[in-house]
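Chemist: Listed below, chain by chain, are the residues.
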Amino acid sequence: MTTDGPVGAPKIADETAADSATDAAAPGPVGAKPAHDEPGDGDTLLNRFLQNLWAANTVTVTVLSVVLALVIGAIFIIVSDPDVLSTFGYLTARPSDAFDASWTVVSDAYADLFKGAIVDPATITAWANGTGTWRQVFFPISETLTYAAPLVFTGLSVALAFRGGLFNIGGQGQAVVGTITAAMAGFFLPLPPVIHLIAALAAGLLGGALWGFVPGILKARTGAHEVIVTIMLNYTANLFLGWLILQKGVQQPGRSDAISKTVDGDAQLTSFGGELRANLGILLAVLATAVVAWLLNRSAFGFELRAVGANPPAARTAGISVARTYTLLMVTAGGLAGLGGATQVLGTAHALTPQVAGNIGFDGLLVALLGRNRPWGTLLAAILFGALRAGGNRMQSFSGISLELVTVLQALIVIFIAAPALVKAIFHLRAARSARLGASMAKGW
Amino acid sequence: MTAVSTATAEELTAAAPARFWDRQRRLGVGVAAIGLLATVLFGALAPSETARFTLSEDAAGAALSINGQVGAIAFGVIALGAGAVLLAGLARRYQTGVLSLGILAFVLSFLCWQVAGKFLPLVDTVSGTLELAVPLILGALAGVLGERSGVVNVAIEGQFLMGAFGAALVGTMATSVWAGVLSAAVGGVLIAAILAVLAIRYLVDQVVVGIVLNLLALGVTGFLYERLMQPDAQSYNQPPKMPEWHIPGLADIPVIGPVLFDTNALVWLALILVFAIHFGLTRTRWGLRTRAVGEHPTAADTVGIRVRGLRYLNVLLGGVIAGAGGAYFTLVATGSFNKNMTSGAGFIALAALIFGRWTPFGALGAALFFGFAQKLATYLSAVGSPVPSQFLNMLPYLATIVAVAGLVGRVRAPAADGQPYIKS
Numbered sequence: 148m149t150t151d152g153p154v155g156a157p158k159i160a161d162e163t164a165a166d167s168a169t170d171a172a173a174p175g176p177v178g179a180k181p182a183h184d185e186p187g188d189g190d191t192l193l194n195r196f197l198q199n200l201w202a203a204n205t206v207t208v209t210v211l212s213v214v215l216a217l218v219i220g221a222i223f224i225i226v227s228d229p230d231v232l233s234t235f236g237y238l239t240a241r242p243s244d245a246f247d248a249s250w251t252v253v254s255d256a257y258a259d260l261f262k263g264a265i266v267d268p269a270t271i272t273a274w275a276n277g278t279g280t281w282r283q284v285f286f287p288i289s290e291t292l293t294y295a296a297p298l299v300f301t302g303l304s305v306a307l308a309f310r311g312g313l314f315n316i317g318g319q320g321q322a323v324v325g326t327i328t329a330a331m332a333g334f335f336l337p338l339p340p341v342i343h344l345i346a347a348l349a350a351g352l353l354g355g356a357l358w359g360f361v362p363g364i365l366k367a368r369t370g371a372h373e374v375i376v377t378i379m380l381n382y383t384a385n386l387f388l389g390w391l392i393l394q395k396g397v398q399q400p401g402r403s404d405a406i407s408k409t410v411d412g413d414a415q416l417t418s419f420g421g422e423l424r425a426n427l428g429i430l431l432a433v434l435a436t437a438v439v440a441w442l443l444n445r446s447a448f449g450f451e452l453r454a455v456g457a458n459p460p461a462a463r464t465a466g467i468s469v470a471r472t473y474t475l476l477m478v479t480a481g482g483l484a485g486l487g488g489a490t491q492v493l494g495t496a497h498a499l500t501p502q503v504a505g506n507i508g509f510d511g512l513l514v515a516l517l518g519r520n521r522p523w524g525t526l527l528a529a530i531l532f533g534a535l536r537a538g539g540n541r542m543q544s545f546s547g548i549s550l551e552l553v554t555v556l557q558a559l560i561v562i563f564i565a566a567p568a569l570v571k572a573i574f575h576l577r578a579a580r581s582a583r584l585g586a587s588m589a590k591g592w
Numbered sequence: 227m228t229a230v231s232t233a234t235a236e237e238l239t240a241a242a243p244a245r246f247w248d249r250q251r252r253l254g255v256g257v258a259a260i261g262l263l264a265t266v267l268f269g270a271l272a273p274s275e276t277a278r279f280t281l282s283e284d285a286a287g288a289a290l291s292i293n294g295q296v297g298a299i300a301f302g303v304i305a306l307g308a309g310a311v312l313l314a315g316l317a318r319r320y321q322t323g324v325l326s327l328g329i330l331a332f333v334l335s336f337l338c339w340q341v342a343g344k345f346l347p348l349v350d351t352v353s354g355t356l357e358l359a360v361p362l363i364l365g366a367l368a369g370v371l372g373e374r375s376g377v378v379n380v381a382i383e384g385q386f387l388m389g390a391f392g393a394a395l396v397g398t399m400a401t402s403v404w405a406g407v408l409s410a411a412v413g414g415v416l417i418a419a420i421l422a423v424l425a426i427r428y429l430v431d432q433v434v435v436g437i438v439l440n441l442l443a444l445g446v447t448g449f450l451y452e453r454l455m456q457p458d459a460q461s462y463n464q465p466p467k468m469p470e471w472h473i474p475g476l477a478d479i480p481v482i483g484p485v486l487f488d489t490n491a492l493v494w495l496a497l498i499l500v501f502a503i504h505f506g507l508t509r510t511r512w513g514l515r516t517r518a519v520g521e522h523p524t525a526a527d528t529v530g531i532r533v534r535g536l537r538y539l540n541v542l543l544g545g546v547i548a549g550a551g552g553a554y555f556t557l558v559a560t561g562s563f564n565k566n567m568t569s570g571a572g573f574i575a576l577a578a579l580i581f582g583r584w585t586p587f588g589a590l591g592a593a594l595f596f597g598f599a600q601k602l603a604t605y606l607s608a609v610g611s612p613v614p615s616q617f618l619n620m621l622p623y624l625a626t627i628v629a630v631a632g633l634v635g636r637v638r639a640p641a642a643d644g645q646p647y648i649k650s
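Protein chains in written order, with the numbering used here: chain A, 148 to 592; chain B, 227 to 650.
To be clear, the hints were calculated from the coordinates, so they are not data collected in a lab. Here the structure is a predicted model, which is why all the values come from computation and not from measurement. Certain hints may be false.
Said to hold, decoys possible - Simulated crosslink set (DSS-like; lysine-lysine; CA at most 30 Å straight-line):
hint : chain 1 : residue 1 : chain 2 : residue 2
1    : A       : 262       : B       : 565
2    : B       : 344       : A       : 395
3    : B       : 565       : B       : 467
4    : A       : 408       : B       : 565
5    : A       : 408       : A       : 395
Bound-form chain A, shown alone (with noise of 0.2 Å):
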């Protein structure tokens, strides 16, 4: 690793300059741009190296707009904050103090976000010191790890289904069944303990499968396009769990309201114990990568699909049946949502709820885009998101942030994901040489 050190520099220049938009409370193109500007001509791997790194090639468009994100999420803290809006009131009498607020109320809300997604320096001190636990120091990962598991379910789910073709918006109605299917399984079947589980995620991914199923065969048969049928069975699961959760014999014993019974603890989805809630979920989910990643680049499946997905006509010609791809690539879409369900409500809910579910099967859409419809891209865009969850957690009770600023930071990354010409241009970066962005599959309905 030769060129560890200048890879340092420019990072360096890149995160003063995202500092100094957000200090002026304005993004803008950043104007000092190091030297490596112009093409060295020596082509030595470092030159080649600092060449694409100012490219729009995806790590940097991936790295620009998380920081474009931050920046426009930082503007959104400071115009919210009465306090520091009063600041402004005087800016041109006195601009430090607008400036000082400003970066006291956007850093510290940034720091929580950090500490509690990642690692809290004062919790590391206080195990060196005695006072506090190794807990206590990997909480914020064990929290990060929780909140990623189910979106890497749903987030495959979706990449799958992208990459043949097809546009999988059910994730939340797959998931909602998925959770439906598991719970009832895991407070219904009466099995032994090892055994039970599995049969909960196996319910899980068979309620996924069931209502992947239904657009896939009707995309297959009548060419309804799966868009508007996914959409709709969202809403429809969402009805039905509302509508299930209240009856006799699911509904918990002595209560009112909208809650299940508890899923048996032989059933549930073993966690690390104490105040860390990460469970076997984020195991089976890394599993689930490596086997939708095998599926998708080693099997006959795999290569059936994704040729469907390049071309059907092409596909049809090669003797490949678009009908029987189509429905079988959204029968394991819809299993991989359903495991994602059965991930959280065996992992961390334990219970049925109308929001159990939360948003899972969204943002699934939005992890598999930012992991660009690959599988282990996937997993790392889950991380990132789950790390942004966490982290908002601790901002809102620390920072008094609301979680909201996570949901729409998550929004506003995958914007710039998604138009990669609008980071390029909002940076003045290079074509990269091998573009592989931009590949929408605009085709409407």
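Starting from the known structure of chain A, arrange chain B on it as the hints suggest.
Modeler: Chain B in isolation, oriented as in the chain A frame:
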């Protein structure tokens, strides 16, 4: 630009030759089946008591009365008969009429069962249906404008939310309903503008943008709600309610009067816009160009129509309309903003747009149908019916799936819907 494959799976799976079980016969089987269900099930379950459909907003006044069981069976038989006629074969032009009759009879049979021994205030039902339909109509019209010119708009939900938020915020700060409606439109346009720029200029997949924009609107409104409105509802979240206008004379017509002439301005706006957009699309130069751009942008460009400019215009206009629809939630329905208060209404509007086959009047009909289902759901849970309201609320979504699957007629989107135009 490379040729974009527009082949659907249907074209790829071999098309079946003309067969005995054509669309009409399949419909006939369906209608006959629900007729049979109504006759047997509803007839058996309905108590033999009088069902009163009062012509007012409460139990008082003149009423249409019928024995619940007799009504349930009679209307069930009518539905069965309609199904049989369809099954026997019928001239094409009567098909829609008979189909509507069958479905209407089924609904009436259901009502006779549910209302037996109770009463259903007709005026309240109709005006409630219309009021619930207002945001759906406006949202669906926004979709019509965008999609007929080739831009898919999945962000109706986000436009609703921004509209509702803007109306509550500015309406309270200016203590004016009309300022609220205006800023609701601005809120809708904000989302529409991002959608337009990303979809038209940056060629991002339009469904992706729509979904992400919904989340963005959810986050932004939720964030500002918690930072501004929750701590100080008095000064940020108590907009004045939209006044009901009573037109003297016209408002005294039975049933129609109170529904249409004793109501708020948004209802009128929605109804007028349906006619205006229908007229605009079919009779004006703008409409012809919009349809041309939505069906075949290259051809439209060849004859000198500015494809992208027209798309920008239509999407932004749609933003105005959907934003105004969002004002309904804060200025008419509840009187204050709440987090995620639209809770999927934007997607029902999308369903209405598709179910209404991308036409203004179709959207109106679908929105009224969905509004009726929602109103009925509230009524049934109020009178303690055994039919769960959740299942009635599923109706719009299931109906849309049935429609797109071609089980009842085929719906077809504008040919270039969702495809960015790249001038070559």
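Chemist: Of all the hints numbered above, which does this structure not satisfy? Sort the numbers upward.
Modeler: none
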